[in-house]
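Trainee: Here are the chains, one letter per residue:
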Amino acid sequence: MIGLVLRRCATMAVTLLVISALVFLVIKLPPGDFLTNRIAELRASGEAASVAKAELLIRQYGLDRPVTEQYLMWIGLWPGPAGFSGLIQGDWGWSFEYDRPVAEVVGDALWLTLVVNLAAVIFVHAVAIPIALYSATHRHSAGDALVTVLGYVGLAVPGFLLALILLFYANRWFGLSIGGLYDAEFTGKPWDWPKVRSLLAHLVVPTLVIGLGGTAAMIRRMRANLLDELAKPYTVTARAKGLPPLRALLKYPFRMSLNPFVADIGNLLPHVVSGSVLVSLVLSLPTVGPLLLDALRSQDQFMAGFILMFIAGLTLVGMLISDLVLVWLDPRIRLGAR
Amino acid sequence: MSPLLSIRDLSVAFRTDTGRAEVLHGLSLDVGAGRTLALVGESGSGKSVTAQAVLRILPPAAEITTGRILFAEGAQPTDIAALIPDGAVMSALRGQRIAMIFQEPMTSLSPLHTIGDQIGEALRVHTGASRRQADAETREALARVGFPDPARALTTYPFELSGGLRQRAMIAMALILKPALLVADEPTTALDVTTQAQILALLRRLQDETGMAMLLITHDLGIVANIAHDVAVLYRGRLVESGPRDTVLRRPGHPYLRALMRAVPRFDMAPGERLAPIRAARAEIPPMDRHAAPAGDILRVEGVGKSFVLRAGRLFAKPRIVRAVSDVSLRLAGGRTLGLVGESGSGKTTVSKMVMRALAPDSGRVLFDAGAGLADVHDLEGARLFAYRGLVQLVFQDPYASLDPRMSVRQILGEPMEIHGVEPRLRSRRARDLMAMVGLDPAALARYPHAFSGGQRQRICIARALALNPRLLVLDEPVSALDVSVQAQILNLLKDLQAALGLSYLIVSHNLAVVDYMADDISVMCRGRIVEEAPRAALFRNPAHPYTRALLAAVPDPSLDHPLDFAAVTGEASDPDRWPEPFRLAPDEAGTMRAIEPGHRIRVGAAHAREAA
Numbered sequence: 003m004i005g006l007v008l009r010r011c012a013t014m015a016v017t018l019l020v021i022s023a024l025v026f027l028v029i030k031l032p033p034g035d036f037l038t039n040r041i042a043e044l045r046a047s048g049e050a051a052s053v054a055k056a057e058l059l060i061r062q063y064g065l066d067r068p069v070t071e072q073y074l075m076w077i078g079l080w081p082g083p084a085g086f087s088g089l090i091q092g093d094w095g096w097s098f099e100y101d102r103p104v105a106e107v108v109g110d111a112l113w114l115t116l117v118v119n120l121a122a123v124i125f126v127h128a129v130a131i132p133i134a135l136y137s138a139t140h141r142h143s144a145g146d147a148l149v150t151v152l153g154y155v156g157l158a159v160p161g162f163l164l165a166l167i168l169l170f171y172a173n174r175w176f177g178l179s180i181g182g183l184y185d186a187e188f189t190g191k192p193w194d195w196p197k198v199r200s201l202l203a204h205l206v207v208p209t210l211v212i213g214l215g216g217t218a219a220m221i222r223r224m225r226a227n228l229l230d231e232l233a234k235p236y237t238v239t240a241r242a243k244g245l246p247p248l249r250a251l252l253k254y255p256f257r258m259s260l261n262p263f264v265a266d267i268g269n270l271l272p273h274v275v276s277g278s279v280l281v282s283l284v285l286s287l288p289t290v291g292p293l294l295l296d297a298l299r300s301q302d303q304f305m306a307g308f309i310l311m312f313i314a315g316l317t318l319v320g321m322l323i324s325d326l327v328l329v330w331l332d333p334r335i336r337l338g339a340r
Numbered sequence: 006m007s008p009l010l011s012i013r014d015l016s017v018a019f020r021t022d023t024g025r026a027e028v029l030h031g032l033s034l035d036v037g038a039g040r041t042l043a044l045v046g047e048s049g050s051g052k053s054v055t056a057q058a059v060l061r062i063l064p065p066a067a068e069i070t071t072g073r074i075l076f077a078e079g080a081q082p083t084d085i086a087a088l089i090p091d092g093a094v095m096s097a098l099r100g101q102r103i104a105m106i107f108q109e110p111m112t113s114l115s116p117l118h119t120i121g122d123q124i125g126e127a128l129r130v131h132t133g134a135s136r137r138q139a140d141a142e143t144r145e146a147l148a149r150v151g152f153p154d155p156a157r158a159l160t161t162y163p164f165e166l167s168g169g170l171r172q173r174a175m176i177a178m179a180l181i182l183k184p185a186l187l188v189a190d191e192p193t194t195a196l197d198v199t200t201q202a203q204i205l206a207l208l209r210r211l212q213d214e215t216g217m218a219m220l221l222i223t224h225d226l227g228i229v230a231n232i233a234h235d236v237a238v239l240y241r242g243r244l245v246e247s248g249p250r251d252t253v254l255r256r257p258g259h260p261y262l263r264a265l266m267r268a269v270p271r272f273d274m275a276p277g278e279r280l281a282p283i284r285a286a287r288a289e290i291p292p293m294d295r296h297a298a299p300a301g302d303i304l305r306v307e308g309v310g311k312s313f314v315l316r317a318g319r320l321f322a323k324p325r326i327v328r329a330v331s332d333v334s335l336r337l338a339g340g341r342t343l344g345l346v347g348e349s350g351s352g353k354t355t356v357s358k359m360v361m362r363a364l365a366p367d368s369g370r371v372l373f374d375a376g377a378g379l380a381d382v383h384d385l386e387g388a389r390l391f392a393y394r395g396l397v398q399l400v401f402q403d404p405y406a407s408l409d410p411r412m413s414v415r416q417i418l419g420e421p422m423e424i425h426g427v428e429p430r431l432r433s434r435r436a437r438d439l440m441a442m443v444g445l446d447p448a449a450l451a452r453y454p455h456a457f458s459g460g461q462r463q464r465i466c467i468a469r470a471l472a473l474n475p476r477l478l479v480l481d482e483p484v485s486a487l488d489v490s491v492q493a494q495i496l497n498l499l500k501d502l503q504a505a506l507g508l509s510y511l512i513v514s515h516n517l518a519v520v521d522y523m524a525d526d527i528s529v530m531c532r533g534r535i536v537e538e539a540p541r542a543a544l545f546r547n548p549a550h551p552y553t554r555a556l557l558a559a560v561p562d563p564s565l566d567h568p569l570d571f572a573a574v575t576g577e578a579s580d581p582d583r584w585p586e587p588f589r590l591a592p593d594e595a596g597t598m599r600a601i602e603p604g605h606r607i608r609v610g611a612a613h614a615r616e617a618a
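Each protein sequence line maps, in turn, to chains A and B. Per the working numbering, residue 3 is the first one in the first sequence, and the count goes up by one each step. Per the working numbering, residue 6 is the first one in the second sequence, and the count goes up by one each step.
It is worth saying that the hints were derived from the structure and are not from the lab. Nothing false has been slipped in among the hints.
Pairs of lysine-lysine residues, derived as DSBU-like cross-links and limited to a Cα-Cα distance of at most 35 Å, are as follows:
#1 A:Lys-234 - A:Lys-253
#2 A:Lys-234 - B:Lys-358
#3 B:Lys-183 - A:Lys-234
#4 A:Lys-253 - B:Lys-183
#5 A:Lys-55 - A:Lys-30
#6 B:Lys-358 - B:Lys-500
#7 A:Lys-55 - A:Lys-191
Note that the coordinates shown come from a computational prediction; the quantities given were computed from them, not determined experimentally.
If we strip away everything but chain A, and leave its shape as in the complex, we get (with noise of 0.2 Å):
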């Protein structure tokens, strides 16, 4: 087991490292970068002393050097002109856009969107999965078309469609204002109780918008496996055995039908981190969505590179996680069967 982790860790650095060079590849292929594109600017509005300072920054990152050497720098492996300091050193670049470090900028973007996507997920699991449930031992029922045709629903509504009608009603009939995800009185205070209060009411919206369709899709899949599963033999043996219905099917259909969905957690985070951007800008969430956005557009190349990093670092540590919960829920796997 503990040589299987190690295992996978070593696979996850190497690609990692592949996914770097990637991502450096695909921020340089435009032709220019943020500080060109500036300099340009400035020597058209005639600002020399800013041209100077910009050209300072050119060099102080490296951008006059090769390609290959300023991909080295950024993730570490070659000295700059500061010494080795890069992604691995903990170091993640300048944001030429803000003029801050991109520490700085994305700071608490980043923990905050770890929350409000996993809020989703939470969210998306919890409504599911009863529904489904109901949905799949009560097929052809009158809450199954129910359920069904809410689903569609949800899957067809686009997020931030939905998230411009709850700002409006929930503007119009409570008077809340629901942008952002805590009051504006807060920003930039410290965490006190008062705020994480604020931010656990300001959750709800993106939460259920986030999650929204996730939901639909989920009870879609969830049913259709749970009726493959409850059509097998060993429910029937099951209930043969004299096991009431709950406890049969918690125990064996919906155990079996559970295997693709951890086998999906991988997928699932950068699934939800990229398919937010849109509501987080609707809902002027300040989460990594509208950032990475803004950075790609501006070519602001460090930025772009460590959010999509992040975004990779996460999918592979989701990916981990599965791994490490399918060898644990299924015997099959840990056992090496077929």
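Please arrange chain B on chain A, whose structure you already have, making use of the hints.
Mentor: For chain B alone, coordinates are given in the frame of chain A:
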């Protein structure tokens, strides 16, 4: 004495898109306490539906429309048909007073839970026993059904066990609360003959010990003859015959039962006697397809061996190497049939895959005569290999799994021809011919596999195998997945096709009666080695090897005059270390083949071979 279970006028209907379809029409039957009633019939006759109705575990689309199911244990009989299916009264009966075992022990047990958990569960649910108490009783139950190491078995998972042990676990699960009635739905159909005989012996022993009654669902008259007290025959949802076993089997009254008895391959058939299928398939074979049979052998397997490496469970542990096949040699003369017999795990399927060139042997050669002399199949390349693919075709065991449900029959039959570059115009004519050859209506070409019965599907599989006009067919358990009533039809069809087309067959099976009916020569495999080979007549007249004898002894014969000797089925016959001298083989010992009469050779231990020399 009043019966334990009496079914009166029971009707069951399925709700379908076109309305209600009744599958059981007013069935009445009785199971006496401590007795075994065998419910016989082909698939679709309603026998499984009856079993499910008794436990009220019918599929959601089915419902009991009329009738009573009286379960009379204690003073007051309970009408099961009037209970709520998943209600408290029914749940209390299930697993406690009435238990059930199923056909497929692999899929009937959950792969995610240990055997101990699943067996002890009934006890915990019904008696509120703690897990510790349940484990103790489960250990006892496992010992009773013959588990070698019951304590260890508690924590094993179903996929770690052989098919026979899985079914024993199912039986332990059903019997842990000592029910008054055991419903067994085809409990041995998925098992090898030797394992089947052991399970039947076990069921009979447990019945003697506990005095339970059994409702045994089967299509195998051999099983009926050996363990039933009473027989009820179902045909299309109606009871057509019932009574004590001896009366029914010795003087079958209903034409269906008489036909069923003639349709089963038996060992005492006269040479050249044909089976009489219940529903004959009329095959029309165009004369032009006939191959001139090669003068010598069409297939020769020379000393092939194959090992598989199993991934080690733990890190740094040595991977395990399993020798699936060791030094196997076979000869198949052109136009004839060679039977390869053995239990599952004996390596017979691995051999057939090496003949197909789906697996490469580690050692030895596979020679095939494509018309220009014998050549090593595993040296073929390019155009010659492509041609070989057309000349050797495979018919699989399971016609449900081996036909793509999304392809029409025309596409299924056309695919091999498309791959081998037959013109589209010829393809469609050939497809019509093929349908006629296997006795199906060419008008059905546009239909999809789900529209056909199991026997019809197997005929489509045969037609597909014949599409490229092959010389050799490898038949891997061609009738094991089929009803007895259609087995005869398929076997006769294969015989007719062979005679008309000059085909050679390599038939792989664990069913000795089928091999006896089909093959000219037979090779018996055990643990990856040939242990006996002989012409058919010699093998059945004078089986010399203890393993062959055990296989023969384990086949249940429908005739009441040849009962199974349950005392003799111990399961030791497949362990070379326990064979009596001169056959005994030490672990890893190869032994040598020795002729005992012309063409009849058996494997003996090296120690004995030296003595003889």
